[in-house]
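Enquirer: What follows is the residue order along each chain.
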Amino acid sequence: MPVTPDPPRDPKDRPPADLPPHALERLRQITARQGSERPFFTSGLGPAATLTAGGCDWRLLGQVIGSSVYQIGGQWRTVNWRDSDRIEARGYELDIVTEGYMNGRRLALQRLQEQAALLGASTVAGVKLTSRRISEEHLVLEVVASGTALREPGVARRVPEVAGNLSVEALYALRQAGYRAVGLVSGDSVYYQPAKTATMQATYGILGGAMQNQELPEFSQAFYDTRERAIGRLNAQARALGADGVLGITPTMVSEVQSGSDGTSGLFGLYLHFTVIGTAVVRESRPAAAAPSPLETVVWLRPPAPAGPPEEP
Amino acid sequence: MRSPYTPGSEEGLPESARARLAEMRGSATKRRLFTSDFSVSEFLLVQDAGFEPLGLVLGCSIYHIGFQFPRLFANQELEVLTQAMYHARELAMTRMEEEADLLGADGIVGVRLEVNRHAWGQHMAEFLAIGTAIRNRSGQPFRTHDNRPFTSALSGQDFWTLLRAGYRPVSLVMGSCVYHVALQSIGQSISQIGRNVELENYTQALYDARELALARMQAEAEEDQAAGIVGATISEHGHGWNSHTVEFFAIGTAITPLEGEHRFEPPTLVLPLTG
Chain F
1 MPVTPDPPRD PKDRPPADLP PHALERLRQI TARQGSERPF FTSGLGPAAT LTAGGCDWRL
61 LGQVIGSSVY QIGGQWRTVN WRDSDRIEAR GYELDIVTEG YMNGRRLALQ RLQEQAALLG
121 ASTVAGVKLT SRRISEEHLV LEVVASGTAL REPGVARRVP EVAGNLSVEA LYALRQAGYR
181 AVGLVSGDSV YYQPAKTATM QATYGILGGA MQNQELPEFS QAFYDTRERA IGRLNAQARA
241 LGADGVLGIT PTMVSEVQSG SDGTSGLFGL YLHFTVIGTA VVRESRPAAA APSPLETVVW
301 LRPPAPAGPP EEP
Chain G
1 MRSPYTPGSE EGLPESARAR LAEMRGSATK RRLFTSDFSV SEFLLVQDAG FEPLGLVLGC
61 SIYHIGFQFP RLFANQELEV LTQAMYHARE LAMTRMEEEA DLLGADGIVG VRLEVNRHAW
121 GQHMAEFLAI GTAIRNRSGQ PFRTHDNRPF TSALSGQDFW TLLRAGYRPV SLVMGSCVYH
181 VALQSIGQSI SQIGRNVELE NYTQALYDAR ELALARMQAE AEEDQAAGIV GATISEHGHG
241 WNSHTVEFFA IGTAITPLEG EHRFEPPTLV LPLTG
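First to last, the sequence lines map onto chains F and G.
Its first residue numbered 1, the first sequence is counted upward by one per residue in our numbering.
Its first residue numbered 1, the second sequence is counted upward by one per residue in our numbering.
Hints may be right or wrong, so weigh each one.
Chain G is nowhere near these chain F residues, computed Cβ spacing over 10 Å in every case [unchecked claim]:
id : residue
1  : F41
2  : V69
3  : E142
4  : S146
5  : G154
6  : M211
7  : L247
With a straight-line cut-off of 20 Å between C-alpha atoms, the simulated DMTMM-like cross-links for lysine to aspartate or glutamate are [said to hold, decoys possible]:
id : chain 1 : residue 1 : chain 2 : residue 2
8  : F       : K196      : F       : E88
9  : F       : K128      : F       : E142
10 : G       : K30       : G       : E10
11 : G       : K30       : F       : E284
12 : G       : K30       : F       : E88
No wet-lab data here; the hints were simulated from the structure.
A quick note: this is a predicted structure, and the numbers were derived from the prediction, not measured.
From the three backbone atoms N, C-alpha and C, an ideal C-beta is built for every residue, glycine too.
Pulled out of the complex, with its shape left as it was, chain F reads as follows (with noise of 0.2 Å):
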């Protein structure tokens, strides 16, 4: 199943119904004092950022969000579905939870954008997202998309580009190089896997095999698969924007047990769920150099973070 994902909208094609009143009302009063005496904006970034635009002439408009509370459908295959799945261990992805995620995402990056062609942006930097789940009872969540909308001089963007959550100094460093961040991408994959019988009784207890080590043929192809297919689907969405590349690929796994229902027995099955986001870039010219020259190796005095590998949570 190819989650595809949609080509951006373009806001002035359809008045922007999914915003709330409010968010038309704050962005209007943005607008309304843009190139006035005494315009006004609203920043998330911090000094250095203001600092840069400023220095490269870029405009800082105003903070913007979108917002999705969307309920993930259910899908009623699990390990009983048939009994030759458990059998030969065949896991399988659950594409509508899969694309419940990815819609979920899409949705709130739409009301980003609109807010920021609104405000007359070319750029959206610095984006957080967020989500949660509100419901206990269903799979429900919000998904928050904030960012600091930005308009550089001469650019005119009818659907304004979403620079992932990449600073302005980072914005800047990218275009010296020559490349332009064209869009936040991400991909999701949420999988089942049913163990296998050796698995089953390697899991069960002293008598089943527990004392070997060896490996779990069938849940490491699953979470191998789970992670590549998310991949996999954050590059279908970097192609439909024309990149040439992704950076700052931030992946989250998240799984969940299946037990025997006397809730004793060994594993049964595992949920999994994967989701990477990232920047997407473009190359728009070929500069002499990559980095900003020369480059000067700098000592600095303080204390080194500390350094090592992840702490296991």
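Following the hints, complete the assembly by docking chain G onto the known chain F.
Expert: Leaving out everything else, chain G in the frame of chain F:
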């Protein structure tokens, strides 16, 4: 001990991985597409160092960790557990290297090795290796002596600095040791009540376990004909075992000098206004 590596092997990779990597390589009608977990500065510095990013590569293994009955009053290594912790990491690393090979990479930078334990599996752990595969633009050889892609835990910034200093990374080297620390006998505990005293068996146990892990990491670097190891750390993990069983895990990046003469540039000193 590390198992031999066959370049071009695709063992353990799922179909979706092959499809993703083939799609990223591009074709006559399709452009290349790279993916990475680089920040903008890492991205630009890796390019400045003469490399181009090819793609995010990963390897994973879900491993059932066996069991070994320790003798309660003895300091001893639990070889079954050590073996499990090492073998599972190696499986994940090898799969990541296989993915990099499929992309035609020279090496992988920013490698992270994670061990994730979940509430659902007391004796199970997920081992994950993840990093960004890169390729040298001028086609210089960067692979290891046994034809693996080089691996490095260093960030893009550190990679640039290392090359500037006249070294190249060879491999991510690691050593693991799971150790059972002996319980104190009742007699010992009574004789120590209220006194300042070094607990010799604890000292020796933890000391010994650290040394074993470090020695194994060094042995790997020697095997890879490296000149040294940078960024080495030793971490301690309980992995949900009982309180007297502990893993010491040493990891670092083995490096070797670049061929030819090299001149060090004196660095510029900066007094930061922060921190």
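Enquirer: Each hint: holds or not?
Expert: Each hint, compared with the structure:
1. The claim that F41 (chain F) lies off the interface holds: its Cβ sits roughly 24 Å from the closest Cβ of chain G, which is beyond the 10 Å cut-off.
2. At roughly 28 Å, the least C-beta separation between V69 (chain F) and chain G is larger than 10 Å, which holds for a residue marked as non-interface.
3. A cut-off of 10 Å between C-beta atoms confirms that E142 (chain F) is not in contact with chain G; the least separation is 25 Å.
4. Against chain G, the non-interface label of S146 (chain F) holds: every CB pair exceeds 10 Å, the least being about 20 Å.
5. Interface exclusion of G154 (chain F) from chain G stands, the closest Cβ pair being 22 Å apart, more than 10 Å.
6. Under the 10 Å C-beta cut-off, the non-interface status given to M211 (chain F) relative to chain G is violated; the minimum distance is some 5 Å.
7. Non-interface call for L247 (chain F) relative to chain G: violated, since the shortest CB-CB distance, roughly 5 Å, does not exceed 10 Å.
8. The straight-line distance between the Cα atoms of K196 (chain F) and E88 (chain F) is roughly 7 Å, inside the 20 Å bound, and the hint therefore holds.
9. For the proposed pair K128 (chain F) and E142 (chain F), the alpha carbon gap of about 14 Å is at most 20 Å, so the pair holds.
10. For the hint linking K30 (chain G) to E10 (chain G), the alpha-carbon distance of about 24 Å lies beyond 20 Å, and the restraint is violated.
11. For the proposed pair K30 (chain G) and E284 (chain F), the alpha carbon gap of about 17 Å is at most 20 Å, so the pair holds.
12. For the suggested pair K30 (chain G) and E88 (chain F), the alpha carbons sit about 37 Å apart, so the restraint of at most 20 Å is broken.
Violated hints, listed in ascending order, are 6, 7, 10 and 12; each of the other numbered hints is respected by the structure.
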